[in-house]
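From first to last, the protein sequence lines stand for chains A and B. Residue 1 is where the first sequence starts when you use this note's numbering, and the numbers rise one by one after that. Residue 1 is where the second sequence starts when you use this note's numbering, and the numbers rise one by one after that.
Treat the hints with care, as some may be off.
Simulated crosslink set (DSS-like; lysine-lysine; CA at most 27 Å straight-line) [as the list claims (entries may be wrong)]: (1) 10(A) - 276(B); (2) 329(B) - 342(B); (3) 276(B) - 75(A); (4) 22(A) - 75(A); (5) 276(B) - 22(A); (6) 100(B) - 10(A); (7) 75(A) - 100(B).
No wet-lab data here; the hints were simulated from the structure.
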Amino acid sequence: MSPLTEQQAKEYWRRNVSLMVKLMVVWFVVSFGCGILLFDVLNTIQIGGYKLGFWFAQQGSIYVFVFLIFYYARKMAALDREFGVEED
Amino acid sequence: MDLQTLSYLFVGGTFALYLGIAFWARAGSTKDFYIAGGGVHPVANGMATAADWMSAASFISMAGMISFMGYGGSVFLMGWTGGYVILAMLLAPYLRKYGKFTVPEFIGDRFYSKTARVVAVICLILCSVTYVIGQMKGVGVAFSRFLEVDYATGLLVGMVIVFFYAVLGGMKGITYTQIAQYCVLILAYTIPAIFISLQLTGNPVPQLGLGGTLTGTDTYLLDVIDRVVMDLGFKEYTTDVRLSTLNMFAYTMSLMIGTAGLPHVIIRFFTVPKVKDARSSAGWALVFIAILYTTAPAVGAMARLNLMLTIEPEPGEYLVYEERPQWFKNWETTGLLVYEDKNGNGLVEYSADPATNDMVLIDNDIMVLANPEIAQLPNWVIALVAAGGLAAALSTAAGLLLAIASAISHDLLKGMIRPDISEKQELLASRIAMAFAILGAGYLGLNPPGFAAGTVALAFGLAASSIFPALMMGIFSDRINKEGAIAGMVAGIGVTLLYVFQHKGIMFIPGTSFLGGMEPNWFFGIEPNAFGVVGAIVNFAVAFGVSRVTAAPPQSVRELVEHIRIPVGSSEAVGH
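Between the sequences and the hints, there should be enough to build the whole structure, so can you do that?
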């Protein structure tokens with residue numbers, strides 16, 4: 001049996017999905033956006049020996065991916081506590 | 001000590017370690033065998049997942065592909081890491097909450113259909129088997145080059161080692177061995193990279209060295225590579241787009257959703273104690289993977305530069321073939337490096353023009369393995385690379401074999417043919433299935449079928465077009481019914497297989513490709529390896545369409561969907 005009322009369960013899921021959508025937008029922007037679609041534009045900027053578009057494609061996007069997962073895990077743990085659905 | 005003695009020492013030492021772990025981590029129950037008892041710490045599981053995921057392809061081939069593809073190689077870097085974001089947010093926590101042993105089991109229950117479960121088992125076996133052949137080949141190649149035994153002997157030794165810890169320990173043995181294997185492979189990958197980065201740029205961190213300047217100059221390493229490759233007529237390293245922007249987009253997306261849909265990766269998240277752990281464990285997995293994946297572009301670029309500078313030390317001055325270094329000769333004997341003196345002047349003239357190019361073949365796979373030799377690193381580093389390559393291939397092979405064995409013993413035998421067998425009998429059956437899976441994989445490794453070359457296209461294409469959409473719709477929609485899911489999976493695989501086969505040949509048999517594999521016939525210029533995403537879109541569309549015109553799923557399924565969305569209560573669901 002779920003410890004939540006139907007209303008609470010809906011709200012919990014809505015907030016989860018909305019967090020997920022925000023983070024997936026970042027995921028898309030750093031990889032497909034910066035690394036592929038905006039590659040030429042960003043390459044006009046140079047940081048050290050790296051052209052920025054090239055850096056995103058081969059380094060930056062991966063660092064952001066790692067950050068996104070931990071951020072999601074932390075936010076969801078807080079959401080679980082708020083709704084009292086965390087496991088002990 | 002000479003290289004061969006050192007290689008035996010390193011490889012022998014790591015094998016002794018794996019066997020020791022096998023005896024320590026024996027499986028006592030089916031829960032131990034399928035999901036390591038469900039009590040693996042999230043960081044430990046992250047490390048095991050990283051070893052499971054990073055195969056011979058990641059360790060040996062990827063940097064080599066980047067070496068020759070430049071910017072175009074980014075599709076592998078982003079594609080094989082970005083999938084973990086999808087996994088952590090869209091799949092792993094919910095499948096962990098569901099708390100069963102295999103991927104087809106979830107599909108069968110969610111879509112209340114044995115047919116759906118069988119379709120999922122077929123997809124799983126198809127993509128795992130094609131994938132495992134490549135690992136067996138990797139084991140054979142690494143052995144034959146470094147221990148100077150023949151390919152078949154090397155393969156046999158590898159099979160015996162995997163047999164011990166996988167049959168004895170199941171997921172439990174595999175998990176703890178993979179942790180050891182991760183340590184071996186990551187040291188083997190980063191140590192040579194640090195050496196080479198220091199040599200070329202003076203910076204010990206390869207990720208920074210790649211953006212740095214060459215030692216003693218103020219020109220950037222990447223600018224030098226761009227100039228050197230363009231001098232010989234190749235495309236600029238840092239901007240060489242793979243075919244087209246759309247193709248790179250599709251390729252990256254296919255690899256990402258393929259990664260998220262590969263069963264041997266997903267089942268790793270069944271081994272952690274809590275839903276919360278499944279989320280963070282995906283993050284740890286990606287940290288451990290990122291250490292290798294952010295080093296790989298540096299390895300690729302630096303290997304390319306070292307290779308170019310060996311062949312053409314000064315602009316217009318080529319290496320004299322008779323004075324070629326030892327590594328050049330070693331790799332010539334393997335047939336992976338081929339020189340042909342086109343104009344008979346005894347020089348190694350390397351260029352992009354096939355009419356004058358003397359370097360007829362430089363296989364991608366050479367770059368990582370030969371890199372330490374090209375950079376003249378000490379022998380123990382080269383021996384370590386051999387042990388690392390074997391660790392990468394063995395750890396992935398074991399994970400795949402477990403996915404195959406559990407699909408056979410748990411989904412087919414226990415789930416359908418003999419539901420009444422006892423726990424003890426099922427454990428025995430799963431060990432027998434594992435033994436047969438190893439024998440089968442070994443046989444296919446010795447006699448690789450024609451389609452082994454198309455492994456990447458097939459495994460990722462199938463996972464992306466069948467398993468990933470089915471799982472995602474199963475979690476995020478309570479309206480998709482069994483008719484929709486089955487029709488979607490069949491349509492997704494159908495479209496993907498048709499596209500791959502019509503361009504690469506039916507089961508990759510040459511001459512049967514009815515569209516001749518020609519680029520002009522490609523759908524919007526998308527290459528067959530990148531087609532999984534199109535198959536996935538077809539799967540989603542068909543599933544939604546069919547579900548709309550057929551009856552809604554029963555109430556129990558709606559309750560199941562609600563149940564998996566909320567973390568609390570997963571401990572009761574474990575076991576059955």
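Hints, one by one, checked against the model:
1. In summary, the hint linking residue 10(A) to residue 276(B) is supported, as the alpha carbons are separated by about 20 Å, within the 27 Å threshold.
2. For the suggested pair residue 329(B) and residue 342(B), the alpha carbons sit about 19 Å apart, so the restraint of at most 27 Å is met.
3. Using a Cα cut-off of 27 Å, the hinted pair residue 276(B) and residue 75(A) holds, with the two alpha carbons roughly 11 Å apart.
4. Simply put, residue 22(A) and residue 75(A) have alpha-carbon atoms about 12 Å apart, close enough for the 27 Å limit, and the pair holds.
5. Taking the CA atoms of residue 276(B) and residue 22(A), the gap is near 20 Å; set against the 27 Å cutoff, the hint holds.
6. The suggested pairing of residue 100(B) with residue 10(A) holds, with an alpha-carbon distance near 25 Å, which does not exceed 27 Å.
7. Of the pairs offered as hints, the one joining residue 75(A) and residue 100(B) holds, with about 26 Å between alpha carbons and a cut-off of 27 Å not exceeded.
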